[in-house]
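K.L.:
Here is what each chain is made of, one letter per residue.
Number of protein chains: 2
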Amino acid sequence: MNTSESKYSQCLYFSSNALARKVEKLAQESWKPVGLSPSHAYLLMIVIEDPAVQPGTLARELQLQPSTITRLIEKLEEKKLVLRITEGKATNVYPTPRAKEMYSKLKACVNHFYTSHAAILGKEESTKMVRNMNKLADKL
Amino acid sequence: MNTSESKYSQCLYFSSNALARKVEKLAQESWKPVGLSPSHAYLLMIVIEDPAVQPGTLARELQLQPSTITRLIEKLEEKKLVLRITEGKATNVYPTPRAKEMYSKLKACVNHFYTSHAAILGKEESTKMVRNMNKLADKL
DNA sequence: CATCAATACTTGTATATACAAATAAAACAC
DNA sequence: GTGTTTTATTTGTATATACAAGTATTGATG
Chain A
1 MNTSESKYSQ CLYFSSNALA RKVEKLAQES WKPVGLSPSH AYLLMIVIED
51 PAVQPGTLAR ELQLQPSTIT RLIEKLEEKK LVLRITEGKA TNVYPTPRAK
101 EMYSKLKACV NHFYTSHAAI LGKEESTKMV RNMNKLADKL
Chain B
1001 MNTSESKYSQ CLYFSSNALA RKVEKLAQES WKPVGLSPSH AYLLMIVIED
1051 PAVQPGTLAR ELQLQPSTIT RLIEKLEEKK LVLRITEGKA TNVYPTPRAK
1101 EMYSKLKACV NHFYTSHAAI LGKEESTKMV RNMNKLADKL
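Chains as they are written, first to last, in the numbering used here: chain A, 1 to 140; chain B, 1001 to 1140.
In case anyone wonders, no lab produced these hints; they're calculated from the structure. Worth double-checking, as some hints may not be accurate.
[As the list claims (entries may be wrong)] Below 20 angstroms or equal to it, Euclidean Cα-Cα: the simulated EDC-like pairs (lysine to aspartate or glutamate) are:
#	chain 1	residue 1	chain 2	residue 2
1	B	Lys-1135	A	Glu-124
2	A	Lys-135	B	Glu-1024
3	A	Lys-22	B	Asp-1138
4	B	Lys-1022	A	Asp-138
5	B	Lys-1022	A	Glu-24
6	A	Lys-25	B	Glu-1024
7	A	Lys-123	B	Asp-1138
8	B	Lys-1139	A	Glu-124
9	A	Lys-135	B	Glu-1124
10	B	Lys-1139	A	Glu-125
11	A	Lys-139	B	Glu-1049
12	B	Lys-1107	B	Glu-1049
13	B	Lys-1128	A	Glu-124
14	A	Lys-128	B	Glu-1049
15	B	Lys-1022	B	Glu-1125
16	B	Lys-1025	A	Glu-29
17	B	Lys-1139	A	Glu-24
18	A	Lys-22	B	Glu-1024
19	B	Lys-1139	A	Glu-29
20	B	Lys-1128	A	Glu-29
21	B	Lys-1025	A	Asp-138
22	A	Lys-135	B	Glu-1125
23	A	Lys-128	B	Asp-1138
24	B	Lys-1123	A	Asp-138
25	A	Lys-139	B	Glu-1124
26	A	Lys-25	B	Asp-1138
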């Protein structure tokens, strides 16, 4: 069934959720080569680009709750991709050598993801949509 | 932090997820008066409007997996708002009288939700955005 | 008509995320 | 410099959803 066939599809609640689920799925596909979910992968990229970054900063950048960041970091730590060093009330997150070696592969996944949806939606429209969604999210 | 301040915010993955989370929150607020999550409430409204509807149909209309529909129905059953009658391999879902009495309240919540986001985004833009998101989701 | 395939739904389990409370350190206030 | 407030992070627990496997019924095929 197309979205447009559903009676409740005019509702922002459904549109945004359904879209997010479909995008999530597409993204998961793109990040399979590195065996990470998109969230983990993005967090890891930030850590590689900005070593010693703190969980609070990650939460703000990724727009996720601090508790969620803790959970993401935990999993990356298990995989020996990051490590945490706590000093006082702050914690610094560092990439391991293993993670740094993965960097170009991670970038390739970002690229694959972008390419795959740009191919479906058109480069132009794809970018416009993202801009609009950000604008909308900022207002809410 | 605004979405636009984050480096990774140009990524469709983030935009769509962040937007969905914010919309979800707004929606939850709107449905608090009936003590249901938006998903449960929408499912219930469909059941009231279309008694004897089957889980498979609900899954298609709400764009959720059948297993998710089962879980939603279970919770509504606990709350004595719907009941399931299985005949052969098919199952029919019916609203209870208690649910039917709630109908106008449910509608009021839909309305409150629409009003609250239309107030922030503008009626015009709000509708346009939904249309675009559906179009995009259908293509993916 | 006996088996095999398809359909409809449920169950077990996993993931992504959140909220609220807990902990711990730092900053402030007097 | 002791007591209180604020900040940073983690932990316990809950919700929303999915996937894969299981069950049960119906339909199709030889």
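K.L.:
Measure nothing beyond the straight line between the CA atoms of Lys-135 (chain A) and Glu-1024 (chain B); if it is 20 angstroms or shorter, mark the hint as holding.
P.N.:
holds (17 angstroms)
K.L.:
Going straight from one Cα to the other, do Lys-135 (chain A) and Glu-1125 (chain B) come out at no more than 20 angstroms?
P.N.:
Answer holds: Lys-135 (chain A) to Glu-1125 (chain B) is near 11 angstroms, not above 20 angstroms.
K.L.:
Verify the proposed pairing of Lys-1139 (chain B) with Glu-29 (chain A), using a straight-line Cα cut of 20 angstroms.
P.N.:
holds (16 angstroms)
K.L.:
Take a quick look at whether Lys-1107 (chain B) and Glu-1049 (chain B) sit within 20 angstroms of each other, Cα to Cα.
P.N.:
Within the cut-off at roughly 12 angstroms; holds.
K.L.:
Is the hinted pair Lys-123 (chain A) and Asp-1138 (chain B) satisfied, with a Cα-Cα distance of at most 20 angstroms?
P.N.:
holds (17 angstroms)
K.L.:
Has the given pair, Lys-135 (chain A) with Glu-1124 (chain B), been kept, meaning a C-alpha gap of at most 20 angstroms?
P.N.:
holds (15 angstroms)
K.L.:
Under the criterion that the straight-line Cα-Cα distance not exceed 20 angstroms, is the pair Lys-1025 (chain B), Glu-29 (chain A) satisfied?
P.N.:
violated (27 angstroms)
K.L.:
Quick one, are Lys-1128 (chain B) and Glu-29 (chain A) close enough, alpha carbons at most 20 angstroms?
P.N.:
violated (29 angstroms)
K.L.:
Take a quick look at whether Lys-1022 (chain B) and Glu-24 (chain A) sit within 20 angstroms of each other, Cα to Cα.
P.N.:
The given pair, whose Cα atoms are some 16 angstroms apart, holds under the 20 angstroms limit.
K.L.:
Given the hinted pair Lys-25 (chain A) and Glu-1024 (chain B), is their Cα-Cα distance within 20 angstroms?
P.N.:
holds (19 angstroms)
K.L.:
Within 20 angstroms, alpha carbon to alpha carbon, are Lys-128 (chain A) and Asp-1138 (chain B)?
P.N.:
holds (17 angstroms)
K.L.:
For the pair we were handed, Lys-1022 (chain B) and Glu-1125 (chain B), check the Cα-Cα distance against 20 angstroms.
P.N.:
Satisfied, since the Cα-Cα distance of roughly 17 angstroms is no more than 20 angstroms.
Hint compliance for this structure: hints 11, 14, 16, 20 are not met, and every other hint is.
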